[in-house]
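In case you want the letters, here they are:
Number of protein chains: 2
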Amino acid sequence: MVSKNQIKLINSLHQKKYRIEYGLFLAEGVKVVQELLQSNFKLKQLYCLEKEVFDGFEDKTIIVSEAEMKKITALNTPSTCLGIFEIIKPKAIQEKGIVIVLDDIRDPGNFGTIIRLCDWFGVEQIVCSNETVDLYNPKVIQATMGSVTRVNINYCNLKDFINQTKLPVFGTFMDGENIYKSQLPKEAILVFGNEANGISKEIELLIKNKLSIPRFGNIQKTESLNVATATAIFLSEFKRNN
Amino acid sequence: MVSKNQIKLINSLHQKKYRIEYGLFLAEGVKVVQELLQSNFKLKQLYCLEKEVFDGFEDKTIIVSEAEMKKITALNTPSTCLGIFEIIKPKAIQEKGIVIVLDDIRDPGNFGTIIRLCDWFGVEQIVCSNETVDLYNPKVIQATMGSVTRVNINYCNLKDFINQTKLPVFGTFMDGENIYKSQLPKEAILVFGNEANGISKEIELLIKNKLSIPRFGNIQKTESLNVATATAIFLSEFKRNN
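The listed protein sequences derive, respectively, from chains A and B. Take the first sequence: its letter number 232 is residue 1122 in our numbering, and every next letter is one higher. Take the second sequence: its letter number 6 is residue 896 in our numbering, and every next letter is one higher.
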């Protein structure tokens, strides 16, 4: 049974300002909650359907009905469990290997998918512009499928970050050099831009190495790739030979 | 101004059974509607905010308010225009080049992204299991960003289709051969499986060439890649050398 106050708290955590105020965030879905329970993230409270209680966490679990779950979920389709976890302060930015830089990614699904890709390809660091969607947005957390526990993610002024880095900086552009024909280093900063506008002009000026994924289809069309799929292809190319 | 009967018709098209009954589907968003208007798809009616009317289509346009748009949209965030188009019967399956086969993809965003990837990489044919999400689902149409006009998509019994093909059949598996070290042909069937369960047992038996994308991160974790990002990497690999 979930109280009115609990519903109010949980629903407030759908919004960034309350997540910051309380230092808490929501995670939904068995896979995601399971990964968080096995990580450094500290559990505050679990809300589960009766069939979905996690062994060893009974004392922090409140059993809820499907109707109650509908009242607290931040997703279109409610899951069988929802956890409240404490927000962790990220470690300092690690400039080694491949570092992904996100210049104003707005879609939670894209951001979550990019975090999941980083985990797969052994990328341990993502640096986001301050305008990028909040990591602790429930839809981002869900799309990471738990990978959020294995990637360090910082928000900062991108211009300052790129200006100080010693790593070579690469970016995705429609008119860049063919990525399949380029020499790609083991260590690099890879910048990806906003879904609608791409990389901002201000950041573009700081990028020495412009790459593009060649289009094999009807070349008259000026269509672009989705940013998460472009990230997949970039990471695959940077990692396949190294 | 949009009438009650029009609202009823449009909302019915959020559901597959009414799309089939009326032979109509919805497309939302300027980019998607624009691409459909320039294609073989036949426009039935356009609903646009006053600022978003398309030149040359005024006689088929009904100007609506933002409040009215909220009543007819199938998306979480209403767009500035919504078109009703006639469903087109697909051409017969073309078995040449790369053919993508989808074994029960359920997420509209994933399916739309895969169609967009096919368009980018010059893949002209997708074959779906009958259980795969409907191509004309408004969220699929939106995620294709118009690419749906350039890819032929058929639904059929996958077992029968794969049994009769002369092309080599490849599939994605956790324990497959490293895709980066494999010889990949110019012409092939590439099979991708359901988001939760992967490729079904029945179809797996018909796949001779099992490939996998190696994991570079923490190898103890049994995480998988999202199916749309796996498709991106597969298409990139099959196309980069051919």
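Don't read these hints as lab results, they were simulated from the structure. One thing to keep in mind: the hints can contain errors.
A pair counts as met if it fits within one copy or between any two copies, since identical chains are not told apart.
In silico EDC-like links for lysine to aspartate or glutamate, alpha-carbon gap of 16 angstroms or less [said to hold, decoys possible]:
#1 Lys921 / Glu1085
#2 Lys1076 / Glu1014
#3 Lys979 / Asp1065
#4 Lys921 / Glu1113
#5 Lys1129 / Glu958
#6 Lys898 / Glu958
#7 Lys979 / Asp1024
#8 Lys907 / Glu1067
#9 Lys1049 / Glu1092
#10 Lys934 / Glu976
#11 Lys907 / Glu1021
#12 Lys1029 / Asp1065
#13 Lys1029 / Asp997
#14 Lys1071 / Glu1127
#15 Lys950 / Glu976
#16 Lys921 / Glu942
#17 Lys979 / Glu942
#18 Lys941 / Glu958
#19 Lys981 / Glu942
#20 Lys1098 / Asp1024
#21 Lys906 / Asp1065
Item to complete: Classify it for me, Lys907 with Glu1021: is the Cα-Cα distance of at most 16 angstroms met within a copy, between copies, both or neither?
Response: Classified as within; 14 angstroms inside a copy, 41 angstroms across copies.
Worksheet item: How would you label the pair Lys921, Glu1085 (within, between, both, or neither) given a Cα cut-off of 16 angstroms?
Response: This pair counts as between: shortest inter-copy Cα distance 13 angstroms, intra-copy 28 angstroms.
Worksheet entry | Lys1049 and Glu1092: within-copy, between-copy, both or neither at 16 angstroms Cα | within (8 angstroms within a copy, 52 angstroms between copies)
Worksheet item: Is it within, between, both or neither when you check Lys921 against Glu1113 at 16 angstroms Cα-Cα?
Response: Between copies, since 10 angstroms is at most 16 angstroms while 35 angstroms is not.
Worksheet item: Within a copy, between copies, both or neither: where do Lys979 and Asp1065 come within 16 angstroms Cα-Cα?
Response: For Lys979 and Asp1065, the Cα distance exceeds 16 angstroms both inside one copy (38 angstroms) and across copies (36 angstroms).
Item to complete: Check Lys898 against Glu958 for me: Cα-Cα at most 16 angstroms, and say if that holds within a copy, between copies, both or neither.
Response: within (12 angstroms within a copy, 31 angstroms between copies)
Worksheet item: Should Lys921 paired with Glu942 be assigned to within, between, both, or neither, using CA atoms and 16 angstroms as the limit?
Response: within (11 angstroms within a copy, 43 angstroms between copies)
Practice prompt. Using 16 angstroms as the alpha carbon limit, work out where Lys979 and Asp1024 are close: within a copy, between copies, both or neither.
Written response: within (13 angstroms within a copy, 42 angstroms between copies)
Item to complete: Could you figure out if Lys1129 and Glu958 sit no more than 16 angstroms apart (CA to CA) within one copy, between two copies, both or neither?
Response: Neither. Shortest intra-copy (45 angstroms) and inter-copy (49 angstroms) distances fail the 16 angstroms Cα cut-off.
Worksheet entry | 16 angstroms Cα threshold - placement of Glu942 relative to Lys979 | Cα proximity of Lys979 and Glu942: none, with 29 angstroms in one copy and 44 angstroms across.
Item to complete: State whether the alpha carbon distance between Lys1098 and Asp1024 is at most 16 angstroms within one copy, between copies, both, or neither.
Response: Classified as neither: same-chain Cα gap 28 angstroms, cross-chain 43 angstroms, threshold 16 angstroms.
Practice prompt. Give the relationship of Lys1071 and Glu1127 under a CA distance limit of 16 angstroms: within one copy only, between copies only, both, or neither.
Written response: Both: 10 angstroms inside a copy, 13 angstroms across copies.
Hints 3, 5, 8, 12, 17, 19, 20 and 21 from the list above are not met by this structure, while the remaining hints are.
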